[in-house]
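There are 4 protein chains.
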Amino acid sequence: MAPTHEIAHLGHVELLTPEPERSLWFFTDILGMTENGRDGDSVYLRTYDDYEQYSLILTGHETSGLRRTALRTSSQENLDRLAKRAEQAGRGVARLPAAAGIGPSYLCTDPDGHEIQLYWETEWYQAPEELRPALKNQPQAFPGHGVGVRRLDHVNYLAAEVEPNGAFIRDVLGGAVSEQIMNDDGSIPAQWLHFTNKSYELVYTSDWTGSRGRLHHIAFATNAREDILRAADICLENGVFIETGPHKHAIQQTFFLYVYEPGGNRIELCNPLTRLILAPDWKTITWTQGERAKGQAWGLKTIESFHTHGTPPVAANT
Amino acid sequence: MAPTHEIAHLGHVELLTPEPERSLWFFTDILGMTENGRDGDSVYLRTYDDYEQYSLILTGHETSGLRRTALRTSSQENLDRLAKRAEQAGRGVARLPAAAGIGPSYLCTDPDGHEIQLYWETEWYQAPEELRPALKNQPQAFPGHGVGVRRLDHVNYLAAEVEPNGAFIRDVLGGAVSEQIMNDDGSIPAQWLHFTNKSYELVYTSDWTGSRGRLHHIAFATNAREDILRAADICLENGVFIETGPHKHAIQQTFFLYVYEPGGNRIELCNPLTRLILAPDWKTITWTQGERAKGQAWGLKTIESFHTHGTPPVAANT
Amino acid sequence: MAPTHEIAHLGHVELLTPEPERSLWFFTDILGMTENGRDGDSVYLRTYDDYEQYSLILTGHETSGLRRTALRTSSQENLDRLAKRAEQAGRGVARLPAAAGIGPSYLCTDPDGHEIQLYWETEWYQAPEELRPALKNQPQAFPGHGVGVRRLDHVNYLAAEVEPNGAFIRDVLGGAVSEQIMNDDGSIPAQWLHFTNKSYELVYTSDWTGSRGRLHHIAFATNAREDILRAADICLENGVFIETGPHKHAIQQTFFLYVYEPGGNRIELCNPLTRLILAPDWKTITWTQGERAKGQAWGLKTIESFHTHGTPPVAANT
Amino acid sequence: MAPTHEIAHLGHVELLTPEPERSLWFFTDILGMTENGRDGDSVYLRTYDDYEQYSLILTGHETSGLRRTALRTSSQENLDRLAKRAEQAGRGVARLPAAAGIGPSYLCTDPDGHEIQLYWETEWYQAPEELRPALKNQPQAFPGHGVGVRRLDHVNYLAAEVEPNGAFIRDVLGGAVSEQIMNDDGSIPAQWLHFTNKSYELVYTSDWTGSRGRLHHIAFATNAREDILRAADICLENGVFIETGPHKHAIQQTFFLYVYEPGGNRIELCNPLTRLILAPDWKTITWTQGERAKGQAWGLKTIESFHTHGTPPVAANT
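Protein chains in written order, with full-length UniProt numbering: chain A, 1 to 318; chain B, 1 to 318; chain C, 1 to 318; chain D, 1 to 318.
Please keep in mind that the hints were generated in silico from the structure rather than gathered at the bench. Everything numeric in this text was worked out from a predicted model, so none of it was measured. Wrong hints could be hidden among the right ones.
Claimed, not checked - Calculated lysine-lysine pairs in the BS3-like style (CA-CA distance at most 25 Å, straight line):
{"#": "1", "chain 1": "D", "residue 1": "294", "chain 2": "C", "residue 2": "301"}
{"#": "2", "chain 1": "D", "residue 1": "283", "chain 2": "D", "residue 2": "294"}
{"#": "3", "chain 1": "A", "residue 1": "301", "chain 2": "C", "residue 2": "301"}
Claimed, not checked - Each pair of labels, with its calculated beta carbon distance range:
{"#": "4", "chain 1": "A", "residue 1": "210", "chain 2": "B", "residue 2": "84", "range": "51 to 57 Å"}
{"#": "5", "chain 1": "D", "residue 1": "305", "chain 2": "C", "residue 2": "21", "range": "53 to 59 Å"}
{"#": "6", "chain 1": "A", "residue 1": "288", "chain 2": "B", "residue 2": "241", "range": "28 to 34 Å"}
{"#": "7", "chain 1": "C", "residue 1": "238", "chain 2": "D", "residue 2": "163", "range": "49 to 55 Å"}
{"#": "8", "chain 1": "A", "residue 1": "35", "chain 2": "C", "residue 2": "25", "range": "52 to 58 Å"}
{"#": "9", "chain 1": "D", "residue 1": "25", "chain 2": "C", "residue 2": "290", "range": "36 to 42 Å"}
Unchecked claim - If you only want the chain B side, here are some residues facing chain C, beta carbon under 10 Å, derived:
{"#": "10", "residue": "32"}
{"#": "11", "residue": "143"}
{"#": "12", "residue": "147"}
{"#": "13", "residue": "225"}
{"#": "14", "residue": "227"}
{"#": "15", "residue": "234"}
Every residue, glycine too, gets a C-beta built ideally from N, C-alpha and C.
Start from the sequences, fold in the hints, and give me the full structure.
As structure tokens, this is what we get:
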């Protein structure tokens, strides 16, 4: 089933951290993101290629975790249509008024309880003098410090059950499953969903703790694989915990590095090379349990914590 | 104006060459493409990431040049709709029966006379044993020889006048102008058009000779910028003429290398990093004559032949 | 203690394989080396940047393993001096007459029994027409296929005891220890030795099986880290076993990929970036057991087989 | 003729700038170097891989240009020997007492008048807490900002006549010519000289203005070619003038980018890949005028200013 294009792309996420200052240091000094406003306990952060105001809201909180994912629709009409479908599916929460940088939005939840906010109107970013890019087809100057991430690339949720959530993204939000894993017993421990040529923007992975609403990781894309190797050096020098990588995923073939930001949330730095899903009738790729057991593309075994670490930690997740 | 997604992507091109054997050597040995069938004077060639049967038809001919560009629509309904619009615009040529690897199609021409073929049905590629990939989300094994191009990326036409052609792609085929150049006198010497998240797939550049129907270049995408630097070494060692680059375009920011294949057609090897147009309401970027005069992104001056070399050569273009 | 420069560089090795045809396929098709002569069961192979005739003699044999390492001295006088020192140290074996591509040489063994051949005269390579490079400061055209390794970079021996062997390289051959590991009990499980600005050319690692004369790996250098990532894809597609990597060593900071060639010998593909030992009074870096336990630079744990796999296999090593 | 190894490596240079603050910004913010002390109008700067205290003294002055090049010898004995030879050649200037970070030294000049300082004793760098590296085989933490240059790589002098200067480096300092250009009339417009495995550390290029003692450029090495592409983006964004590149030199095959620091001195960012001169009997490569006319490796024509811009500017050079 082809995606409908009603969702244009992942817009931003709100990430919670019990270590707001150190987390902010991570996103600005290490990743090279730019602060673009504050509101209460929240700092708005942007990558250099965000045409919108921000792609990350970093909020000081008692726990780590993900509060919300915002998706931009491809028109007002599509926003209305999606809101209606979500409501009909019993997943609607509220219509929200315009907020920082975006217009009126619609809040719903996936079956696992992750908040998903849909919006259409957005305020295009105009760089102030000191951040003005040399090339006018880029919203902001390329940062000469830190990793220099280009964009928020995708969100990987943990879910008690994967399939109902994948079905929600597919049936209600118009996405499609580009790749998935199927165990020998027919269960689906992970699904990768896409809306456009990007081969995935939302991922659901089975939460072995049975918890609901948790985050596996959010990912930021870099320009090149070399940026990820350089990022590993930067993380090493700055005491940022590297969980696994750099390596290449078999699924989606993304080149990756996983680190934990100081608040405990897992962050992926990723490079998809130039891979795109161009076929409008892409057929879901299903990986078997045996194929999955081979590890990553070049043989790296999946690290144990990859199956257990999520945010917020289970004890705190009440 | 947002693209309609009626066109899914550039499918393939038919390229003419007066040096069929040497051109074939270039596309297979140098670029690392794979032969996938022959028909008369034509050889069908594919990149390793083509989900369809081929992306290049290389045809022996008395001249160089581009015979046809095939675009895949995103549904049969869209194919019918586009065919109707082309006919109404007076640009229709013929309905064509199913041919190698694709279903029934519709042939039209842009105002400059370049043939554009629209099709929906396509035969997905199943690699034979010796070309089977290690990872099942890839159509064919990554080639260990030559440049190892991933996909046919875009086509850059020369046109006597740019604007009518851009309007055709926009109004008839549902594309949108992502970037363009505007001279001080208001004329438009070049337009870059896109249909999806790819920031361009068709480009029109003013033909200073006033000829019609000519080709500036076709481009193949690589996985990384390093592949393009390595490609430059491979071309150097094998006597393939390098016209200009490697360098980074200011417009579209593509990292590029331009070479001439032995038949005389200009071929671009390009890497877009991970840049995508995600905004459904992208606003056309217009570069002024003055901005353009600065040369490429890092200051390389545009080489003279870039404005004069097209295929077929003017004398032969009758 | 500074190296004496009496040894100019690692010249070539003779590698044994019970699978000569498949091993040859690995070194030519996968690594991109060039055959340059045969003699009996041996094939002479060269990287594109070898100024000498070859850097690898691949010899069909009943087992895998390393028969010999040849080191070029920096003058005839130095060859004579080293031969004398080796003889005085009771490690001399024989004076050998001129052989393929090299002049008269002196054969000795390190205390663990690895054969080391010293030579001065060498025949500079003149590429035949079809391998002539485009740039005259390079011995042979850059290969457009396979990994395209630049040079034989280093040899890593297994030894029952590391220190006597390191002392031999130091005291007899004029090398120096650039880095080493020291266990908490004062024992030395590994030493990296160098002769010039290259930070290592010979390495001794403790053989946990207590065997003598075995090989841990030989390494070939590539131009860039990207070549190693591409190599991983090539190995994946061609069924070459990847043991570990790509990753960055903490010791020596080399970017690496370990694979097994079809004969069973471990081969490292490595990129030292542009690191050199420039200080003539470099002080040996000693890593503690605790530092070593942290794994590789970016946290990859050292894989179990890295401590156990050597060639020839122990059972065969009689 | 083989180099003698009496010179171990290029140690540091003193660069003059009429724009000390902006030049300092360039070397620290753009290149990522670290300040390590001040003295009067001079700032001492180091790359992250300098084992010595610094590799650049940046001195405010009425003009741009190079005041001095310091070369480290490989022993005290070699320092004495070289000093004696320089004195006998009539090129001696003075014995200098120990100064910042280095022991007693000997000052001489090449025939064109460039000051060359020879020293042996040096103070090894111990990083303060905040700059301590994660890996103990590296002097200082890898900088997460700017280009992150690894080392001062080479100095390229302009000289009224090339040959007498090359002869001085060869006969007095024990270097060797690794590559050179010879015009059809037998004159030598450029020579590249080396002392060790690095294929060049000092270069002489003919000064078309006939001036003496001027600088063509100093060069800093990066880890990878990708760092140079990233550097081009950083320079573009920060208004640093890019003169030419990135591209690959035919001579020495170095991947390069040339920029002007704000004081007007030309700075090369370079990556030699992993190329080394290993042969102790390397034969000088001589490029003909015709070969040179082909431009750089991949065909880039040498830019006009490359032959005319030197520092200090001619008018100021009195």
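Against the structure, the hints:
A hinted pair counts as satisfied when its Cα atoms are at most 25 Å apart, and residue 294(D) with residue 301(C) does not qualify at roughly 49 Å. Under the criterion of a C-alpha separation no larger than 25 Å, the hint pairing residue 283(D) with residue 294(D) is consistent with the structure, at around 23 Å. For the suggested pair residue 301(A) and residue 301(C), the alpha carbons sit about 11 Å apart, so the restraint of at most 25 Å is met. Taking the beta carbon of each, residue 210(A) and residue 84(B) are about 54 Å apart, inside 51 to 57 Å as hinted.
Between residue 305(D) and residue 21(C) the CB atoms are about 56 Å apart, so this pair conforms to the stated range of 53 to 59 Å. Between residue 288(A) and residue 241(B) the Cβ separation comes to about 48 Å, which falls outside the hinted range of 28 to 34 Å. For residue 238(C) paired with residue 163(D), a C-beta distance near 52 Å keeps the hint of 49 to 55 Å intact. A hinted range of 52 to 58 Å holds for the C-beta pair residue 35(A) and residue 25(C), which are about 55 Å apart.
Distance hint for residue 25(D) and residue 290(C): a CB-CB separation of about 41 Å, consistent with the stated range 36 to 42 Å. Evaluation of the residue 32(B) hint against chain C yields a held restraint, the C-beta minimum of about 8 Å falling below 10 Å. Restraint check, residue 143(B) versus chain C: the minimum CB separation of about 8 Å is within 10 Å; hint holds. About 8 Å separates the beta-carbon of residue 147(B) from the nearest beta-carbon of chain C, less than 10 Å, and the hint is met.
About 9 Å separates the beta-carbon of residue 225(B) from the nearest beta-carbon of chain C, less than 10 Å, and the hint is met. Among the interface hints, the one on residue 227(B) holds; its C-beta lies about 8 Å from the nearest C-beta in chain C, closer than the 10 Å criterion. Restraint check, residue 234(B) versus chain C: the minimum CB separation of about 4 Å is within 10 Å; hint holds.
In summary, the numbered hints that this structure violates are 1 and 6.
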